[in-house]
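Asker: Please put together the full structure from these sequences, using the hints given.
Heads up: the protein sequence lines correspond to chains S, A and E, in order. In case it helps, the working numbering puts the first sequence at residues 1 to 205. In case it helps, the working numbering puts the second sequence at residues 1 to 663. In case it helps, the working numbering puts the third sequence at residues 1 to 104.
If you're looking for bench data, these hints aren't it; they were derived computationally from the structure. Just so you know, not all the hints are guaranteed correct.
Stated by the list, open to error - Output of the computed footprint for chain E on chain S, the stretches with three or more beta carbons under 8 Å from beta carbons of chain E:
#1 39 to 48
#2 54 to 60
#3 64 to 74
#4 105 to 113
Claimed, not checked - The calculated DSSO-like cross-link candidates involving lysine-lysine, where the alpha carbons are at most 30 Å apart (straight line), are:
#5 A:Lys382 x A:Lys479
#6 A:Lys219 x A:Lys314
#7 A:Lys115 x A:Lys59
#8 A:Lys382 x A:Lys166
#9 A:Lys122 x A:Lys168
#10 A:Lys598 x A:Lys467
#11 E:Lys103 x S:Lys94
#12 S:Lys97 x A:Lys628
#13 A:Lys628 x S:Lys94
#14 A:Lys122 x A:Lys31
#15 A:Lys568 x A:Lys314
#16 S:Lys97 x E:Lys103
#17 E:Lys103 x S:Lys30
#18 A:Lys382 x A:Lys475
#19 A:Lys598 x A:Lys175
#20 A:Lys314 x A:Lys115
#21 A:Lys376 x A:Lys463
#22 A:Lys628 x E:Lys103
Said to hold, decoys possible - Covered stretches of chain S (in silico footprint by chain E; criterion: 3 or more residues with CB under 8 Å from a CB of chain E, positions within the stretch not fixed):
#23 22 to 28
#24 186 to 194
It should be emphasised that the depicted structure is a prediction, and the values quoted were computed from it without experimental measurement. Cβ coordinates follow ideal geometry from the N, Cα and C atoms, glycine included.
Chain by chain, the residues run as shown.
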Amino acid sequence: MTDPVVLTDVLFLLFSVTAIVFSLLVVVMKNPIHSSISLVLSFLPIAAIYVLFHAPFVAVIQILVYAGAIMVLFTFVIMMVDLSEKEYTLHKGKIYKLLSFLIMGGFLLMVPYMVTRFLPETISEPKESVVLSHFTSKKEAHEFGSTKNIGKLIFGKPVINDPVQANDNTLKSMQIVSFELASILIMVAIVGAMILARTRKKEER
Amino acid sequence: MIHFIDNIENYIYLIPLLPLIGFVINGLIGKNLPRGIVYFIGCISIFASFVLSALALWKVIDTGNALEIAYGSWFHSGGLNVSIGLKVDQLSAVMINIVSGVGFLIHFYSIGYMKGDEGIYKFFAYLNLFCFAMLVLVMGDNLLLLFLGWEGVGLCSYLLIGFWYKNKDYADAGKKAFIVNRIGDFGFLIGIFLIFQYFGTLNIAGIQEFLVKHPGEVKLLIEGGVITIITLLLFVGATGKSAQIPLYVWLPDAMAGPTPVSALIHAATMVTAGVYMIGRLHFLFSLSEVTMLIILIVGAVTALYSGTIAITQKDIKKVLAYSTISQLGYMFMAMSVGAFSVGIFHLMTHAFFKALLFLSAGSVIIACHHEQDMTKMGGLSKRLPVTHIAMFIGMLALSGTVPYISGFLSKDLILEKVFLFEGGLGVLSGLPVGKIFWGVGLITALFTAFYSFRLMGMTFWAKTRMKDEDYHHVKEPSKAMSTVLILLAVLSIVGGWVGIPEILGGNNPFHSFLSKVFDPTSAHGEVHHGNTPYILMGVSTSLGIILAIIAAFMYGKNWSFPERFTQKGIGKLLHRLSYNKYYIDELYEVLFVKTIMKGSRLLWKWVDAFIIDGLVNGTGRLAQLIAKLGQNVQTGNVNTYALSIVLGVMALLTWFMIATYNN
Amino acid sequence: MFTLQNSIILGLILFSIGAYGVLTRRNLLVVLMSLEIMFNAVNLIVLAFNYFRFYQQGKELGHYFVLLVIAVAAAEAAVGLAILVTIYRNRRNVDSDELTEMKG
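Answerer: Take a look at the structure:
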């Protein structure tokens, strides 16, 4: 094991533990404000893990959208919705809670079993050198996964100079469609949210 | 226009369609239309239909060929392929002219008769619908279309008998007509099923073709009695619609409807549907001697039986109703001896003079302010001259007492054909069947003459029994009604002149016209020269005249003799029997209605209330129980719904694990 | 340590935690937050697969997929919170135990 690999391992472990701990806090905290703060704090290590996955753009979006936009939204709603009158707790029946817990525990056990069983054993862990060998120069390897590259990908330009991949533009040109669809979806959601949440005048009711 | 007339076959669909359009217009928006427009729509639609029918008839006469148009497939299911096609051959050309012509006159008459009625738009709509159904019945080229019309006229009959449905008796009469017809239609329908079963087609021409093309199979069918069963079942339908024994009971009650309805439906057209149907399927009926003999017996018995009832009835319309049944019996007799064209001929003349009689009776009834009891009339000849003359002509035609009047020609032709009939099976073999039934027909004719002039005497000639005040208020109803009466009176006289037989100096063009349809080689084809026809004619006519004069004298002045005769002894008994229609209604009441009621009650108590209801309620309870259990799943709580999703995923995963365990 | 298996297990743990929150919390706000955790767990697994299985071939499809999921999650959060605000306006609480009009 070389040094960089050890470093990745350590970072992964660290971020994993933080993400799990804060996620747990989201679920367990009685006060929604505390939950929302824990939620932000759990998003950050996840974004860091994205970086480890060589997806810096996604990580940035994660921080911007989740930690920035969605969290602000949650916090505002918490402020609008006055919850001080009543304490919300894990208030289901004990059997129900136990059942949920068992189910989730079973789920946790079952899926890793499946994963280890059916994932092919021949997974080659990407080493830096292996990655590099696919590119003609180190510069392009750096560009890979970067903001500039994502933009290229979305708008369908050939990204990779690999002769085999470069000719295969069919998939990439598809991205623009999904990109536009996503924007339409968000717009519809904005309009829908506005219509749902606006205060109607008395005569409209 | 010339083009239109030349290609009339392309437009024959308009003949039934126009009355249907009239029905739709009057039925949907008639309530809001001015009366004048309702009358106009009702009459013009059937009049246009009549004009087209006349053109079609002219074309058929001109070319000698049937007009036949197929409009495509109605439905197709397995081996059953039912087309929509109209066919105007010689037979149906005659029929559509009778239906639309008499129909138009009666529509026109109704304007006067139904004046002031609330539901006049409904009345005209129903009449138009009736004409549509009747025209479909006679024009359809397959049995299913015929059946459609058959049911359609039954429906209209029901609607029109119960037209004044607020009177419970009238509504009940409508129901009675419908239910009795249902029994007949059941037989008819089974007959149609059997025809499809054995011939594989419902097309009338197709059946005829089958008979020609497969003589071997047909021979087997005849010997196996299949044809007899089929034709008997069809005849059951005919007895229902054409009011023959045993299903005649609805027709006298049907007189509850407005008089134009009685004239159109229950005298001129609908009740002749059975006769028409036998004519249409004559090739089938003539294959079964048994059926033909049964038809002959039923027709003769019905004719005589209802004639004896008619002589004692007090209600002017009841007399005519029983007379109609009797005349229908004549028609069936003619059909059964193979004299199809003669039967249709009598159908036509009967349509004219019976419509005339009913409409005259309607005129009398209106004039007497809806009084139908003849014993409360009398002396109307002075107050109602036009009606009097019209009815007199009608009665002469009905009784056939004046040579060359329409009824005389057709009735005597029937009697002659019956006399010449040589057949007989089973117990009747060896007997002079034709002569026996001729005798029955003759007696019926005498009864006919008697009740005809009894009616005339009681209504018109005897001293009036009305109050002076009422009597002086009696006057001819509207011009429209008188016009129609005059037209029909003329038709009743000359209507038969198309069928003057050779022995009376004619050449019977009607017969030769219809012989295209009715195989010329069938029984009535040969011409019998000699004195027999003259003798028969002379006997029946002279006896008829004698009876008519007796009746006129007995009832013309006052009816003291008949009243004395019916006071005591055998006379009383006979009068009772006849007046109460031999208690047949009561017998049916006991035999069928009561029994069915009791049986139904039993079924209701045990089968319906206990078993069926138990099953149904049990099913409901079971569903409720299951629902109660399932209800607990629907907590309405989001979290538990989420839990069910997760459980589902878990189940899938578990299944997947088990399924792949050994791989 | 930094392997595909471990990444998947991390995603599953996060997913389970989120699902547990959805199943047990009565406060609809927290339910929505738990949903976001679940989204993140799925995104994490997708990225892990992308990195360990396809990255060396130069494929980045997982990235777009994750971006789309984030977009959908944002839309979902917006609409969900709007519904929540409406519910609160009508009932003065956001307790899922009280929201049982659909009870059969």
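Asker: Hint by hint, note whether the structure agrees.
Answerer: Results of checking the hints against the structure:
1. Residues of the region 39 to 48 of chain S lying with their CB closer than 8 Å to a CB of chain E number 4, which satisfies the three-residue condition for coverage.
2. Counting residues of the region 54 to 60 of chain S whose beta carbon lies closer than 8 Å to any beta carbon of chain E gives 4, which meets the minimum of three for the stated coverage.
3. Against chain E, the region 64 to 74 of chain S contributes 6 residues with a C-beta closer than 8 Å to a partner C-beta. That satisfies the three-residue criterion, and the hint holds.
4. With a threshold of 8 Å between beta carbons, the proposed coverage of the region 105 to 113 of chain S by chain E holds, since 5 of its residues qualify and at least three are required.
5. Pair hint A:Lys382 plus A:Lys479 holds up; C-alpha atoms about 18 Å apart against a cutoff of 30 Å.
6. Under the criterion of a C-alpha separation no larger than 30 Å, the hint pairing A:Lys219 with A:Lys314 is inconsistent with the structure, at around 52 Å.
7. Between A:Lys115 and A:Lys59 the CA atoms are separated by roughly 38 Å; this puts the pair beyond 30 Å, and the hint is violated.
8. At most 30 Å may separate the alpha-carbon atoms for a hinted pair to count; A:Lys382 and A:Lys166 exceed this at roughly 35 Å.
9. Our distance criterion of 30 Å between C-alpha atoms is met by A:Lys122 and A:Lys168, whose separation comes to about 19 Å.
10. Among the hinted pairs, A:Lys598 with A:Lys467 is inconsistent with the structure: their alpha-carbon atoms are about 48 Å apart, more than 30 Å.
11. About 21 Å separates the Cα atoms of E:Lys103 and S:Lys94, which keeps this hinted pair within 30 Å; it holds.
12. Taking the CA atoms of S:Lys97 and A:Lys628, the gap is near 25 Å; set against the 30 Å cutoff, the hint holds.
13. Taken as a hint, the A:Lys628 and S:Lys94 pair is honoured in the structure, with Cα atoms around 24 Å apart against an allowance of 30 Å.
14. Distance check on the hinted pair: A:Lys122 and A:Lys31 sit about 8 Å apart at the alpha-carbon level, within 30 Å; holds.
15. Taking the CA atoms of A:Lys568 and A:Lys314, the gap is near 19 Å; set against the 30 Å cutoff, the hint holds.
16. Proximity of S:Lys97 to E:Lys103 is assessed by CA-CA distance (about 20 Å); at most 30 Å being required, the pair is judged to hold.
17. Restraint check for E:Lys103 and S:Lys30: satisfied, since their Cα atoms lie roughly 27 Å apart, inside the 30 Å limit.
18. Between A:Lys382 and A:Lys475 the CA atoms are separated by roughly 9 Å; this keeps the pair inside 30 Å, and the hint holds.
19. Taken as a hint, the A:Lys598 and A:Lys175 pair is honoured in the structure, with Cα atoms around 20 Å apart against an allowance of 30 Å.
20. Simply put, A:Lys314 and A:Lys115 have alpha-carbon atoms about 26 Å apart, close enough for the 30 Å limit, and the pair holds.
21. For the suggested pair A:Lys376 and A:Lys463, the alpha carbons sit about 10 Å apart, so the restraint of at most 30 Å is met.
22. About 12 Å separates the Cα atoms of A:Lys628 and E:Lys103, which keeps this hinted pair within 30 Å; it holds.
23. Against chain E, the region 22 to 28 of chain S contributes 4 residues with a C-beta closer than 8 Å to a partner C-beta. That satisfies the three-residue criterion, and the hint holds.
24. With a cut-off of 8 Å between beta carbons, the region 186 to 194 of chain S has 7 residues touching chain E; three or more are needed, and the interface restraint holds.
The structure fails hints 6, 7, 8 and 10 (numbered hints given earlier, in ascending order).
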